[in-house]
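These protein sequence lines map, in sequence, to chains A and B.
Position 32 of the first sequence, counting from 1, maps to 31 under numbering that gives the first Met the number 0, and the rest follow consecutively.
Position 692 of the second sequence, counting from 1, maps to 691 under numbering that gives the first Met the number 0, and the rest follow consecutively.
In short, the hints are calculated from the structure, not lab data.
One should not assume that every hint holds.
Said to hold, decoys possible - Mimicking DSSO-like on lysine-lysine, the simulated pairs with C-alpha atoms at most 30 angstroms apart in a straight line are:
(1) A/Lys-192 with B/Lys-328
(2) B/Lys-590 with A/Lys-192
(3) B/Lys-258 with B/Lys-56
(4) B/Lys-56 with A/Lys-192
(5) A/Lys-127 with B/Lys-664
(6) A/Lys-192 with B/Lys-706
(7) B/Lys-706 with A/Lys-44
(8) A/Lys-192 with B/Lys-715
(9) B/Lys-419 with B/Lys-365
(10) B/Lys-763 with A/Lys-127
(11) B/Lys-763 with A/Lys-192
(12) A/Lys-127 with B/Lys-592
What the hints assert, rightly or not - Stretch-level coverage of chain A by chain B, calculated; a stretch enters the list once three of its residues show a Cβ under 8 angstroms from a Cβ in chain B:
(13) 8-17
(14) 84-94
(15) 183-190
Beta carbons are placed, not taken as given, at the ideal position from N, Cα and C, and that holds for glycine.
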Amino acid sequence: MLERTLTDPRALATRLLDREVPEASLCESTAHVAAKKHVVELGTKSVVLFRIGTEWLALPTDVFQEIGDRCTVRRLPDQRGGILSGLVNVRGELLLCLALGVILGLDKAAEGQRTAKSSSAERLMICKRGDARLAFQVNEVHGLHRYHPRDLRSPPATLAKAAVGIYTLGVVPWKDTIVGCLDDELLFYTLNKGLA
Amino acid sequence: MSKTGAEDFSDLSMLELFRMEVETQSTVLTEGLLGLESDVDSTPHLEELMRAAHSLKGAARIVGRQAAVRVAHAMEDCFVAAQEKKRIISGDLIDILLAGVDLLNRMAGVSDDTLVSWEAGQEKEIEAFLVSLSSLAEAVGRPNQVSVDPERFLPEEAPKAALQIEPGSIPEATAPPENTVKTLGPDRGLRVTADNLNSLMGLAGEALVASRWLDGFAKDLLGLKRLQHQLGQTLEGLRDIFPAVVSNERIAGQLIELKDRAASCQRSLADRLADLELFDRRFVTFSGRLYHEVLNCRMRPFADGIHGFRRMVRDVAQALGKTVQLDVKGEATPVDRDILERLKAPLGHLLRNAIDHGIEAPNDRKSNGKPEQGLVQLQACHSAGMLLITVADDGSGVDLEAVRNTVVRRRLTTLETTQKMTDSELLEFLFLPGFTMKESVSEISGRGVGLDVVQTMVKELGGRVRVSTRSGNGTRFQLELPLTLSLIRTLLVEVGGEPYAFPLARVDRALKLPREHIESIQGRQHFTLHDAQVGLVAAHQVMDLEGPPPAGSEVSIVVLGDKTARYGLVIDRFLGERELVVRTLDPRLGKVKNISSAALMPDGSPVLIVDVDDLTRSIENLITGQRLSHVACEPSAGAARKQKRVLVVDDSLTVRELERKLLDKGGYGVDIAVDGMDGWNAVRTGHYDLVVTDVDMPRLDGIELLKLIRQDHRFKALPVMIVSYKDRPEDRSRGMEAGADYYLTKASFHDETLLRVVGDLIGKADS
Chain A
0 MLERTLTDPR ALATRLLDRE VPEASLCEST AHVAAKKHVV ELGTKSVVLF
50 RIGTEWLALP TDVFQEIGDR CTVRRLPDQR GGILSGLVNV RGELLLCLAL
100 GVILGLDKAA EGQRTAKSSS AERLMICKRG DARLAFQVNE VHGLHRYHPR
150 DLRSPPATLA KAAVGIYTLG VVPWKDTIVG CLDDELLFYT LNKGLA
Chain B
0 MSKTGAEDFS DLSMLELFRM EVETQSTVLT EGLLGLESDV DSTPHLEELM
50 RAAHSLKGAA RIVGRQAAVR VAHAMEDCFV AAQEKKRIIS GDLIDILLAG
100 VDLLNRMAGV SDDTLVSWEA GQEKEIEAFL VSLSSLAEAV GRPNQVSVDP
150 ERFLPEEAPK AALQIEPGSI PEATAPPENT VKTLGPDRGL RVTADNLNSL
200 MGLAGEALVA SRWLDGFAKD LLGLKRLQHQ LGQTLEGLRD IFPAVVSNER
250 IAGQLIELKD RAASCQRSLA DRLADLELFD RRFVTFSGRL YHEVLNCRMR
300 PFADGIHGFR RMVRDVAQAL GKTVQLDVKG EATPVDRDIL ERLKAPLGHL
350 LRNAIDHGIE APNDRKSNGK PEQGLVQLQA CHSAGMLLIT VADDGSGVDL
400 EAVRNTVVRR RLTTLETTQK MTDSELLEFL FLPGFTMKES VSEISGRGVG
450 LDVVQTMVKE LGGRVRVSTR SGNGTRFQLE LPLTLSLIRT LLVEVGGEPY
500 AFPLARVDRA LKLPREHIES IQGRQHFTLH DAQVGLVAAH QVMDLEGPPP
550 AGSEVSIVVL GDKTARYGLV IDRFLGEREL VVRTLDPRLG KVKNISSAAL
600 MPDGSPVLIV DVDDLTRSIE NLITGQRLSH VACEPSAGAA RKQKRVLVVD
650 DSLTVRELER KLLDKGGYGV DIAVDGMDGW NAVRTGHYDL VVTDVDMPRL
700 DGIELLKLIR QDHRFKALPV MIVSYKDRPE DRSRGMEAGA DYYLTKASFH
750 DETLLRVVGD LIGKADS
């Protein structure tokens, strides 16, 4: 309770500032100051993580326009060697949907395995690089992730030999697995060439 | 402005209605007056002008605007006098009348409150207008001697004039006339890019699709409501089964509460459902209207596409010493802007033809008992979902005998054949490229390039041309065109589990046939349709789809083609008829076999639209066995894989192509890349035995490319050859240090050297 004599604001302020610091608050602040600082490093790269089959892969965030729900893919008679899955409707616009798994030479069987759960996780990624706007169907999208280029390791020998290795700049650790960071320049080069 | 008729006017005050009327009629007046200035024949314009002025007079009287009545009345008198040939409306008088139109507009803009003071202030101007109108009327025949300053009536003066009269009034009072003047004028168009319009159309289509989804959702909820109702009934049943329990006060109380809650749930659900239905209806209507409005944005009145034709007809006729009147009908007919744009050239051709070939010289016409002035009619109308454009003249008609002679003389066919031909078959020859009936080539027509251009253009637009003629009574060309290029009626069918759309215009017929009606000759199936044999082909096979062909006692058949070649395409089943909005396929795909474009189904999934011409060709190829040779090609493609492959990287097209040709001739498989980066992409994705690269290139130069290749363990052993103009020793050593296997200067660049070096590096092409 405040005493009547202490209605003077300055006295009140002094009293407030001079009060004992509660033990809990002190502990909390100590812990906060003592904690190792989380430094936001310069030069990190932002990527979107997604999964095709059993592989986790990443593409630079700036090539993404949006990520939508899975939708009907209308097969075209000409599949351009399998890389073209067909047409998809994205907000009333017809886009070409490409089979990223086929281009990357990922195990088709693994890609095909679908459970009820995994089916609901399937997403359509709409990417744009230069003038090329394309859609990809993937089994799952995790979201954004940042890594520093110095953490980029060369892909394991098994991966390097496969087609996916060609398009992989390197791998970065994520959770208890590794993510293959794709070379968007090379990937879109191949896609545009493959479509023509 | 003709649209306003469809709107609801019940909320508008009389004054607002009057303003709208002034807006509409002043457009008519302005156009009519401008028409008077440019057209020789004033009768229809005067008629229109008189009516417009008369309507305005009536409208002004209803709202009690005496000044407007006077102005409109004076204008009407003037037009009536002109109709009775008592006056000639031209030059200065037109200026004054236009100023009168502006005056009327400003009068309409004044609000009732300020009317009295406004009119008082404008009295002078109104008087001046009336005086100048009548003074010019007296001055018929010598209009130049009367000096009237039309500037006085120009709209720019309006705000100023209003301010002078009411110096102390609030600015709002003068605002309406200004606004009205600003929003008037015939051209209220906005420039919208085609891309904008297309994405707008995409979104509007999507909204339409989304709106239809709601209906299904509402039906699902209805099911929920039923379940809820059953729940209530079950509760009732529970009460009946245990009357003893109900006597227990606590349980009875709980049961009543439960019942109440179930009932209120039921009510709430019903209310929400009703709301949803209301919303659904509104949304469906709204999105449907939005969609059609966007589609309408693509439409322009036919009149917009024929500007200049009147003038052209006049000039051409004059040049030929004929008098010809162009009669245009259906100017308001909406036409897709793309079609309208592309119609200009063919219509110009047809009109020129009509005047030159159709209309006879005035003397000939007189002796044939026709009026001296020839008549060319240009008409546009909608009929049975098609746009019909007719160009007809009242000339001598096509001399069929002369056509026959020309055909024979040009050895297009024999005399006997032409004699067996019907008139319309003979007339078809007129559309042949280079076919002309004119002896001499004139500036106007006769080169024989007109009609085939017309036909090509019309075919490209998915339409056709019909020509008919009556000797001595003229010729008539009729263009049958789709209303819009973006909307087509289609027959939806299912093949291999996927929907496909056939343009209805291209489908001869669709039918279901009992399997036993299919006959087979030499392993080929066909059936009889109107005494003609129609070959049957499975759509699966033509379209390269997997899956078994349809089974069942009946087969569904789409008949395509024309009289010369008809094919029955066996499909899985018919899905129905639907209007689709055509979307072009991604241009990167180039031409997709058998497919022309795509569209969206009501559920939002894409559907492919079949290219019937292409499909017919595919069927012909299939039947004549070209597919077999196609299949036989496969092994050689496999052999090609063993061929040694060279990547040529050079930013100069000439050098690139030269190298490509040399290597190609040497038997190597060659790929090209336009710069270092392109080359690096290609190296990583292709399998090459050799890279031949230039040094100076944009983005990534040859040395950098070489370094990248050498750094990558996968390509350490890939031979790289540099071809450069730089022949100094230091350039050479720079290349060799970077890891090149050979450095060839372009100065010593001739086929033997290049091929010899390539042979040294990777061996002969066939080894």
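- Message: B/Lys-419 and B/Lys-365 were given as a pair; does the straight-line alpha-carbon distance stay at or below 30 angstroms?
- Response: Violated, because 35 angstroms separates the two Cα atoms, which is more than 30 angstroms.
- Straight-line Cα separation of A/Lys-127 and B/Lys-592 no greater than 30 angstroms? holds (26 angstroms)
- Item | Within 8 angstroms of chain B (C-beta), three or more residues of the stretch 84-94 of chain A | holds (count 9)
- Verdict on chain B covering the stretch 183-190 of chain A, criterion of 3 CB contacts below 8 angstroms: holds (count 4)
- Message: Just to be careful, I want the Cα atoms of A/Lys-127 and B/Lys-664 compared with a cutoff of 30 angstroms; is the pair within it?
- Response: violated (39 angstroms)
- Message: Hinted pair, alpha-carbon criterion (30 angstroms max): A/Lys-192, B/Lys-715. Please report holds or violated.
- Response: holds (25 angstroms)
- Message: So if I understand the rule, the pair passes when the alpha-carbon distance is 30 angstroms or less; does B/Lys-706 with A/Lys-44 pass?
- Response: Status holds; Cα separation ~25 angstroms.
- Task: Mind checking the alpha carbons of B/Lys-56 and A/Lys-192 for me, to see if they're no more than 30 angstroms apart?
- Result: The given pair, whose Cα atoms are some 70 angstroms apart, is violated under the 30 angstroms limit.
- Message: B/Lys-258 and B/Lys-56 were given as a pair; does the straight-line alpha-carbon distance stay at or below 30 angstroms?
- Response: Roughly 71 angstroms between the alpha carbons, so the hint for B/Lys-258 and B/Lys-56 is violated.
- Hey, B/Lys-763 versus A/Lys-192, does the alpha-carbon distance stay inside 30 angstroms? Distance of about 28 angstroms is within 30 angstroms: holds.
- When you check the alpha-carbon spacing of B/Lys-763 and A/Lys-127, does it fall within 30 angstroms? violated (43 angstroms)
- Pair hint A/Lys-192 and B/Lys-706, alpha-carbon separation not exceeding 30 angstroms: holds (24 angstroms)
Comparing the model with each earlier hint shows violations of hints 1, 3, 4, 5, 9, 10, 13; every other hint is respected.
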